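There are 2 protein chains.
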Amino acid sequence: MYLLRFVYIYTMSSSFPAQTLSEENYLKVIYHLGKEATVKISPTAIAEALSNNPASVVDMLKKLVDKKLIQYEKSKGARLTEKGRKIALLIIRRHRLWEVFLLEKLEYSWDEIHEIAEQLEHIQDPLLADRLDKFLGFPQYDPHGDPIPTASGEMADIYKTILSEVKEGNTCHVVGVKDTSSSFLQYLKKLDIGIGTKISLDEKIPFDGSVIISIKNGPKTTVSKIFADNLLVHE
Amino acid sequence: MYLLRFVYIYTMSSSFPAQTLSEENYLKVIYHLGKEATVKISPTAIAEALSNNPASVVDMLKKLVDKKLIQYEKSKGARLTEKGRKIALLIIRRHRLWEVFLLEKLEYSWDEIHEIAEQLEHIQDPLLADRLDKFLGFPQYDPHGDPIPTASGEMADIYKTILSEVKEGNTCHVVGVKDTSSSFLQYLKKLDIGIGTKISLDEKIPFDGSVIISIKNGPKTTVSKIFADNLLVHE
DNA sequence: ACATAAAATTAGGCGCGTCTAAAAATTTTT
DNA sequence: AAAAATTTTTAGACGCGCCTAATTTTATGT
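Protein chains in written order, with the numbering used here: chain A, 1 to 235; chain B, 1 to 235.
The hints are simulated quantities; they were obtained by calculation from the structure and are not laboratory data. Computed from a predicted structure; not experimentally measured. Glycine included, each C-beta is placed from N, C-alpha and C at the ideal position. Only true hints are included.
When the alpha-carbon atoms are kept at most 25 Å apart in a straight line, the in silico BS3-like pairs for lysine-lysine are as follows:
(1) B:K190 / A:K134
(2) B:K105 / A:K134
(3) A:K105 / B:K105
(4) B:K134 / A:K189
(5) B:K134 / A:K190
(6) B:K134 / A:K134
Some but not every residue of chain A turned toward chain B, in silico, with C-beta under 10 Å:
(7) E107
(8) Y108
(9) E112
(10) I116
(11) D125
(12) L128
(13) F135
Model the full assembly from the supplied sequences, consistent with the hints where possible.
What follows is the structure in structure tokens.
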């Protein structure tokens, strides 16, 4: 019992004091803007991502510096500290786990889950993310194909690609969709394709980019290039 | 498609514009304070329930009057309007559904769920409560034995009582616990008693109030009066 | 290198929800 | 019915997170 508690102190979920909702959103945005390049993030970029004003951003950046969640020097851009990065990853972990929950358990569709997860990601409880993770069977990817950070704050690389990029003869698993229109989602349902569905790419037609696939080792089906461009998969 | 949307307008979950978190808490508190008596609720009582200041309460009451969520005349106390009552019931519905989720699906214990549900009850989405309700199998009572308001805003009466009040020969179902100490919860686990467990009261011992019960039609077990006083049941 | 454009920062302000202190109204006590 | 106690209300203020407008700093173009 004591040992368990001890271990918990070192998992992401319980080691940080609660941030305000707004602070959490800043950390998340700085993380997302910074992950591509190692460049420092400008107030303007943050303001745009949050749909607010650069002047407001500067105010908040000062506060985040005080809390040691970011590094920031005047006119040099912001960067997460290790502490800030861990919190950002926790928010992202919570967001993506809730998205899986909403899609798989509550039967929401791909295009509805993001907005609700934006709210749910801020629920504070030291055990919640890990319990939800377990309940969902430790999913590795969210319904948009993005990797879910682990309890210890590690995030898998994104191997996701689109079906049309898969080589002939290879097999992949569906991790999400790009297009979330109901016509596409309904078509997927008809083909019995969902998250995790195994697809083998049998042949590509040079003429129009159509691809011939086998769904769950079943009979061959042909889908258009438009279809294949919008299905996110993971090899 | 259109018909479905139309119907939804008339269910509790989607018919109200979002309130602020604080407004929702005021409505909830006014509901809870008002349900016992039909008396009007004083600012002082509300302030105490919210652990804040009567002066703050008066400010908020004015705002709630403007929004037509309560009736309030100077120094006469507050009362929910029909609109306010419906919103309060929706918040309570969400709270209790999330409590069921946390206990049954995420393996939280009786004493941990309230605080998390206080946060989850404010998540805004027109479909969420109803989807969660369905996912949970339309539970009628939360883990504390309190009835869950329906999607249309009706709440069952509270029939709950304690095991020691059940008459000899009657059968009841567990709806919750009064004591949430881990020693009691562990004892319950050992006896294989959980939410919904069927218990028949076979005999009461006059000497010390011990009761002899059958759990799930199984063999007879004797439990103390202290035990029977702390188990909430529903006949 | 200098003028111009763009970005960052400061200054001052605002709405929300809270507070304290003081005044007004109501209720209770005698 | 008057005095005392309590409750309610007003007045004024504050922190948070945001805003606009003006200023300063940095980057860009010729």
